[in-house]
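For the protein sequence lines, the chains are C and P, in the order given.
The opening residue of the first sequence carries number 1 in the numbering used here; numbering runs sequentially from there.
The opening residue of the second sequence carries number 349 in the numbering used here; numbering runs sequentially from there.
A few of these clues could be false.
[What the hints assert, rightly or not] Some chain P residues well away from chain C (every beta-carbon gap over 12 Å; in silico): (1) Gly-373; (2) Thr-377; (3) Glu-421; (4) Leu-428; (5) His-457; (6) Ala-477; (7) Val-484; (8) Ala-568; (9) Ala-638.
[Stated by the list, open to error] Cβ-Cβ distance ranges computed for the label pairs, FRET-style: (10) Gly-468(P) with Gly-134(C): 46 to 56 Å; (11) Gly-64(C) with Arg-625(P): 15 to 25 Å; (12) Pro-301(C) with Ala-506(P): 41 to 51 Å.
Derived by calculation from the structure, the hints in this document are not laboratory data.
Treat the numbers as computed from the prediction; the structure is a model and nothing was measured.
Beta carbons are placed, not taken as given, at the ideal position from N, Cα and C, and that holds for glycine.
Listed here are the chains, written in short residue letters.
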Amino acid sequence: MRARLFGFDALPAQYGELTVRTYRPGDERAILETFNRVFGRVDVTFRPRSEAFWRWRFLGNPSGSRILLAFTPEGRVAGQLACLVQRVRLDGRPSCFSQGVDQMSDNDLRGGLKRGSLVGVLGNTMVKLYAGTGPTQDSLGWGAPVPAAWRAGKAFARYEIIRTQLKLCAAPGALRPGPAPGVVLEELREFPPEIVGVFERASARHRALAVRDKAQLDWRWRDHPERRCHMALARRGGTVVGYAVWTRGDFDGARDEALLCDWLVAPGEDGAAAALTAWLVEGARAAGLERMTALLPDTAPEWLEFQRTGWRVYPSRYFFIGRQYVRGYDVQWMNRNWYYTLGDTDLL
Amino acid sequence: MTGLEIRVPRPADEGALLAAGAALGCTRTAAERAWLAARAGAARARVAVLPEDGRVLGHYACVPRTTWIAAREAVFAEVLDAFAPRAEAHGLQREGPYARLGHALSEAHPEDLVHHGYFGRAEWRMANALLDFEVVRNQCLLVRGCVDAGVPALEELARFDHQAKWLWERCSGAFGAAAIRDEGYLNWRFVERPGVRYERRGLRDANGILRGLYVYRSGAFGGRSGGWLVEWIVPPEEPQVGERLLADALAAARADGQRELACALPEWSPWFEAFQRAGFRVVASEAVLAARCFARKYDEVWLRDHWWTTLADTLAL
């Protein structure tokens, strides 16, 4: 049976010996001290996170972030729930999704509180403070958790599964991009302002879609502190009709792949999709990579379009979970209508 | 609602049960109910009855499948014909008929390890919130057109014999959990079910040994109508056997007047990739495989990665 939900209506607040409050400038040192200790214990491949990366991720995001912290009386971070905010277009209206990341709870610092209760309090406080129907409020809380975090999330914060996620993979030689008449491909150092036009057209096809504008995309891919991201756009008649981003990396237990980080093509622009696919294949080949991987929702038209090009479907360890914050947009609705890519997640 | 009586169905309930089920979209025939009872027994069903007039408000049943899991046999039970009117249940009331029926049945069968099913949208809300069912997987389907298929030519299997178990044991070594496909189960599931026509075909070697089999039917599932590969028992180490059976299954669908053949296999199975190489595409469906797990170790995450299921594991087809 699920636990009752409890969260604070206003912060700061006392929870046992812990003080729960939102992030304040300067907290990052204490956050990283706990983060690097907690995750270093459970993941042998863990590399300590730098302050530069933290600042890029949480302070640099043009859509913002939300960070709740539980401090010990000595000023150490005993628990955290951080969310990366995504501005989204939801059925034609502006809204926000918040992706829960870096959720942690330090056994040594909780002062006798159960892990689950702290997880629940932070999660439910996040809802009380930030959920709503306004354009800057969250209509969905979501994440791509490891199984242990999922078990805590469903028990203490009422998360539900949006999708058990499959992935698309292909060898570069297996893809058969179609013709691309009249399409001009352009590799990028940064995104042009008119890239938002692709988002505007694509949001007519996808009822839930995170905003992809210059500020968001430059932050996400141009400014990524740890990855070299390859970016390209496709124009037809001078108009931007699609873009793609890929990087070299490990994902889901597979090493050294070409990871398709982001992909958005305006509806009906098959030539742009073909040109961008050819560019991806060429890049992967030139880098000597034998496999390419992409993450898309299986309900999106792109899912079948990719398979028609030669991508094949494989299992992944991931599942996307969500918590509905506003009426009418439950996890089943999100399953059917939300378009996302690997770049929407914190997995890259 | 506290006066509601939760009990095993009695023969005298049959008329009220059929009427209540029909009103809520559950149209199981009396013949099929008898076929289910022959395997599950009346003990695996509960009704919610208003004592004052005998009116049936809800029903909840499970059909057990003997399942091999972690080197032992256990019971996985498919939930079916579960209904309770939302209006009567006052939404997601914990003491409403749906929750009481589900709890009554699970408490009566503590030996069950997993209850599972594919739920409709309204029922899913109750199953998830009130009985802690969780998503094992959003069931994607493997779908391929069959207009280019030939004519089915493999041996029709009138009944399954002891070789079915031999075949199953050659297939199941890599499975963490799977309902045991032996002679008794397969005959009950695909030969004796009333009102449904299954096409059962197998491939034998020169010594008469069954090397693989499939079961086909037409119908609707997960928001899709067409031809369905309901069962697929073929050792993945024998791809040439699989190729012949798959070609025959496509031919069976075409001969049945269908344009497509669809099936559901675990994505970790070698057949999932082999079917894609054979021209199948992976397509989303409305179906969600969900489970209520009674052992912490074997939860929905574990089941997703280890439990072999085909469409034979649901009586929806």
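Each hint, compared with the structure:
no., hint, in the structure
1, Gly-373, "holds, 19 Å"
2, Thr-377, "holds, 30 Å"
3, Glu-421, "holds, 26 Å"
4, Leu-428, "holds, 21 Å"
5, His-457, "holds, 19 Å"
6, Ala-477, "violated, 8 Å"
7, Val-484, "violated, 8 Å"
8, Ala-568, "holds, 19 Å"
9, Ala-638, "violated, 9 Å"
10, Gly-468(P) with Gly-134(C): 46 to 56 Å, "violated, 33 Å"
11, Gly-64(C) with Arg-625(P): 15 to 25 Å, "violated, 45 Å"
12, Pro-301(C) with Ala-506(P): 41 to 51 Å, "holds, 44 Å"
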